[in-house]
Amino acid sequence: MINQPETRDLLAEARQVLLESVAPELAGEHKYQALMIANAMGMAIRELEQREQGQPEQTDRAVRAYLSEQSLDETATEAETDLARVIRERRLDGTDPALRSVLRTLTESRLLINNPGYRKR
Amino acid sequence: MSALADTFSAFIVRQCGARAARVIEFDKLSGGAIQDNFGLTLDLEGGSRPGRQEFVVRQDAPSGVAESLSRPEEFRVLQAAFRAGVTAPEPLWLCEDPEVSGQVFYVMTRAAGSASPRKLVKADFSEEQRRNIVRRLGAELARLHTVRPPQASLVFLVMPDPDNPALSRVALYRRYLKEIGEPHPVLEWALNWLEDHAPEPGPTVLCHCDFRTGNYMMDSDELTAVLDWEFAAWSDPCEDLGWLCSRSWRFGADDREVGGLGDRQDLLDGYREVSGVDLDPATVSYWEVMALVRWAMIALQQARRHMSGEQRSLELALTGRMVAQMELDLLNQVQELEDGQ
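Protein chains in written order, with this note's numbering: chain A, 1 to 121; chain R, 1 to 341.
Misleading hints may appear alongside valid ones.
Pairs of lysine to aspartate or glutamate residues, derived as EDC-like cross-links and limited to a Cα-Cα distance of at most 16 angstroms, are as follows [to be verified]:
{"no.": "1", "chain 1": "A", "residue 1": "Lys120", "chain 2": "R", "residue 2": "Glu179"}
{"no.": "2", "chain 1": "R", "residue 1": "Lys119", "chain 2": "R", "residue 2": "Asp161"}
{"no.": "3", "chain 1": "R", "residue 1": "Lys28", "chain 2": "R", "residue 2": "Glu45"}
{"no.": "4", "chain 1": "R", "residue 1": "Lys119", "chain 2": "R", "residue 2": "Asp221"}
{"no.": "5", "chain 1": "R", "residue 1": "Lys28", "chain 2": "R", "residue 2": "Asp60"}
{"no.": "6", "chain 1": "R", "residue 1": "Lys178", "chain 2": "A", "residue 2": "Glu29"}
{"no.": "7", "chain 1": "R", "residue 1": "Lys178", "chain 2": "A", "residue 2": "Asp82"}
{"no.": "8", "chain 1": "A", "residue 1": "Lys120", "chain 2": "R", "residue 2": "Asp254"}
{"no.": "9", "chain 1": "R", "residue 1": "Lys28", "chain 2": "A", "residue 2": "Glu29"}
Treat the hints as calculated values from the structure; they're not laboratory data.
Based on the sequences and whatever the hints tell you, model everything.
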């Protein structure tokens, strides 16, 4: 089914109207609410972009590859769930740079959606 | 709103034996997802507090978070802190009868100034003013930490179990994470680190546990009141200092590690001047890592309140999306500690 303009375009335009025309007319609690709405829409837009680029799958593959290297890739559940479990069970060395790297990859992938500016701090 | 003002006003008239009261001002104060705070200014005729009086009335909002105290418990903590000389609103009267206003509430004095973190962090203070503010924060904590268990009025505060506040926290957060049921590998990793690096516990003291920029009132450069006591607990003194220094509460002024205002050494100096105790900066750093995990846990719980339908809220939903920030800070901070920075 063709349904144009696409969702990302609709959201981006709506967010721009909110920020450029609506929010400047508001004050106090309503302005704060408008900025929260713009923030939520920004996340939705970035999440759609990341999905189009296959970013979540790439991150999952990186986690899965790490678990395979550690011979811990034994269940059929989501890679992140497995990773959390084997860390909790102390089956990994917390100081291993490869583990730290995969944790960073996961965190940065989420920040690319939730708050891209935070990564530069 | 005005019916509520009359209800509170009548309660206060009874408490201070006044002949009558006129409501000069009544408004709902900002902040507090867990409680409703109302500013109430009265002109009281006769009684123990005659004349114009500014009060704050604090009562429960529809729902709370797992860790927080009830209003009567919070009132008793505030009494203990006030008696210990902490600059806090004076707790006046507790009303435990929900028939009066529909909720349990208490009345305290209203402090001057603002608690707005952004305003404070951006304020045009001199270096000396900043140092004095930060030393004052240390001094306030030192006074609070003179309150030690056992205290007959604070029996509801549980003692750390095991007998080590850090390990007690780790066990609690493991339980929270299990209850939340979402995979969070970074938090699991950080909890392991916290378990492996737990310092020797200091004395067990009354901690505020939410002592941060945004939770104390400032009138220009003068601290007028430490607020929001609902997370108070028996814990290690360094828990309060670590929370105040956490990266989460610098409001953009990342290089000023004490609440976006100043340096840690001034905080420790202010603490020592009142208590005579030299706290170990490394223990404070450890508790900063704990602070990041704790804030992540609170954020996850707040998101759950939204997701479960208990309290649908955009603000709570967005807080859930902040957890990755705490996770990145955890990865960076542990690395920095290990690198000896």
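Hint check:
For the hint linking Lys120 of chain A to Glu179 of chain R, the alpha-carbon distance of about 32 angstroms lies beyond 16 angstroms, and the restraint is violated. Restraint check for Lys119 of chain R and Asp161 of chain R: not satisfied, since their Cα atoms lie roughly 39 angstroms apart, outside the 16 angstroms limit. This hinted pair does not check out: Lys28 of chain R and Glu45 of chain R have alpha carbons roughly 24 angstroms apart, beyond 16 angstroms. Distance check on the hinted pair: Lys119 of chain R and Asp221 of chain R sit about 12 angstroms apart at the alpha-carbon level, within 16 angstroms; holds.
For the suggested pair Lys28 of chain R and Asp60 of chain R, the alpha carbons sit about 13 angstroms apart, so the restraint of at most 16 angstroms is met. At most 16 angstroms may separate the alpha-carbon atoms for a hinted pair to count; Lys178 of chain R and Glu29 of chain A exceed this at roughly 35 angstroms. Between Lys178 of chain R and Asp82 of chain A the CA atoms are separated by roughly 14 angstroms; this keeps the pair inside 16 angstroms, and the hint holds. As the CA atoms of Lys120 of chain A and Asp254 of chain R are separated by approximately 12 angstroms, the hinted pair is consistent with the 16 angstroms bound.
Simply put, Lys28 of chain R and Glu29 of chain A have alpha-carbon atoms about 13 angstroms apart, close enough for the 16 angstroms limit, and the pair holds.
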